[in-house]
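J.: Spelled out, the chains give:
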Amino acid sequence: MPPAEPVLRARDVVRRFGHRRVLAGVSFSLAPGEALLLVGPNGAGKTTLLRVLAGLLRAHGGAVERRGSVGLVAHHSMLYDALTARENLQFFARLHGADSTRRADELLDRMGLSAWADERVAAFSRGMTQRLAIARALLHEPAILLLDEPLTGLDDRSSEQVLDVLAELKRRGRALLIASHQLAELMSVVTAVGFLIQGTLRAVEPLGGRDAAQLAGRYRELTARG
Amino acid sequence: MPRNWLAATGNSPPVADALRQALAIAGKDLAIEWRTKTALVSSLAFAILVLAVLFFARDPTAVSALDIAPGALWVTFTFAAMIGLNRAFLLERENRAMDGILLAPVPPGAVFFGKLAANLVFVGTVELVSLPLFVLFYDVGLERGLLPLLGVTAMATLAFVAIGTLLSSMVVRTRFAELMLPLLLLPFLVPPVVGAVQVTARILAERPLSEVAGWLKLLAAFDIAFVTASTLLFRATLEE
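Protein chains in written order, with our numbering: chain A, 1 to 226; chain B, 1 to 240.
Excised from the complex, chain A in its bound form (with noise of 0.2 Å):
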């Protein structure tokens, strides 16, 4: 069978703030079913790479091409803290031009929210914070998913609850690329590596059968060249 065409490609992107280049021309393709892991030091410009991938950002140079909607659950949760979880979903949802009651009823109840549906967001625990702000990323159900630190802040029951709904996204052809420093918990769900040092991605590998520890050692030392 050919391999899937890529749902998500940025050629040599570059995005600067000022005079700083934060994003130094980079280039990689995602295909449907593939979850690329971008891991890389603090300031090396993942959230920045993400932001221009959503459309938020504008590229200053390089193109980058979507096949598809795209959705991002990135640090801020960009909900209302004053709205129930369903008034927030259902709002998005309506945005989307989806329905939304039954949309947001559909998500609370796949994210394990239903129990807290008319609860307001400002009550919630951050683990529920970011398994809405992830329903809130799927209303519109988008063929390129984009996460920055998923996992970060959260409790090992609901960290295995998102890793749970990222995998079932893979096997459902969802592109997935996550932003994170949380190699371990990922391996489960990932099929590359890709890292991003100063603005560039150095290397984009798949996972070869190697495993977190041989994959920080690969991340060390191409953080040690600088």
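Don't take every hint at face value.
Ranges of calculated distance between the beta carbons of each label pair, as one might list FRET restraints [as the list claims (entries may be wrong)]:
(1) A/ARG20 - B/LEU233: 24 to 30 Å
(2) A/GLY55 - B/LYS37: 52 to 58 Å
(3) B/LYS37 - A/ARG157: 33 to 39 Å
(4) A/THR191 - B/GLY109: 37 to 43 Å
(5) A/ARG225 - B/THR228: 25 to 31 Å
(6) A/ARG225 - B/LYS37: 42 to 48 Å
(7) A/ALA212 - B/LEU233: 37 to 43 Å
(8) A/GLY62 - B/LYS37: 25 to 31 Å
(9) A/ALA203 - B/GLU239: 43 to 49 Å
(10) B/GLU239 - A/ALA212: 48 to 54 Å
(11) B/PHE56 - A/ARG20: 55 to 61 Å
I should point out that these hints are in silico values taken from the structure, not numbers from a laboratory. All figures in this text were calculated on a predicted structure; none of them were measured in a lab. Just so it is clear, CB atoms sit at the ideal spot from N, CA and C, and this is done for glycine as well.
Fit chain B to the given chain A structure using the hints.
T.: Chain B in isolation, oriented as in the chain A frame:
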């Protein structure tokens, strides 16, 4: 697990979509304001305070209530409105919720009109609550002048809320957003508010509106200019 949790979205014409999205944004803003009431309570308290202070500050033997009434009314309306305008985009800064809106296929015009509609309802509510207090304090007869006064209030409010919505979006990412908005907005407020004061003075004096036809045309021109310019420039305020 529900079978359709990755179900497809619907389709409808772009204009209908934009209208639905604008209404969703306005509804969301008003729902949050109704629930928290932070801006509404502040604006109403401010309006009552200004009306009372200006009334009691005058010397009744030297200045009649009717002389200061138009100015008092519009000082109250504009500054009370500014409290609400300040909050309009602070809502979106919380948890970077605006990113969530921009990730949806929402045209900037729909975001602007949604915000504008919510701000108009908010400011209109403050004005409607303040107006009876104004009548009470300043003892103005509005038997014949009520409808014209509501009309001129609507015209001036549309102008300054439109430009206020644009500027609120522009300053929300700055460190001193709540200070910047009044500084930027006040110069734009002067022409429509001066016009509104002039028309209000004639209405309260029970003079014919034909005396202020020029001001009314100017207010209409400001409505068209401010709404058009704000709609066109709004996109630029959303870009980082």
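J.: Give a verdict on every hint.
T.: The hints, checked one at a time:
The hinted range of 24 to 30 Å is satisfied by A/ARG20 and B/LEU233, whose Cβ atoms lie roughly 28 Å apart. Judged by the Cβ atoms, the range 52 to 58 Å given for A/GLY55 and B/LYS37 is violated: they are separated by roughly 35 Å. Between B/LYS37 and A/ARG157 the C-beta distance comes to about 37 Å, which sits within the given range of 33 to 39 Å. A hinted range of 37 to 43 Å holds for the C-beta pair A/THR191 and B/GLY109, which are about 40 Å apart.
Checked against the hint of 25 to 31 Å, the pair A/ARG225 and B/THR228 fails, with Cβ atoms roughly 55 Å apart. For A/ARG225 and B/LYS37, the hinted distance range of 42 to 48 Å is not satisfied, since their beta carbons lie about 57 Å from each other. For the pair A/ALA212 and B/LEU233, the supplied restraint of 37 to 43 Å is violated, since their beta-carbon distance comes to about 50 Å. Distance hint for A/GLY62 and B/LYS37: a CB-CB separation of about 48 Å, inconsistent with the stated range 25 to 31 Å.
Distance hint check for A/ALA203 and B/GLU239: the Cβ-Cβ separation is about 32 Å, which falls outside the suggested range of 43 to 49 Å. Look at B/GLU239 against A/ALA212: about 39 Å separates their beta carbons, and that is not inside 48 to 54 Å. Distance hint check for B/PHE56 and A/ARG20: the Cβ-Cβ separation is about 57 Å, which falls inside the suggested range of 55 to 61 Å.
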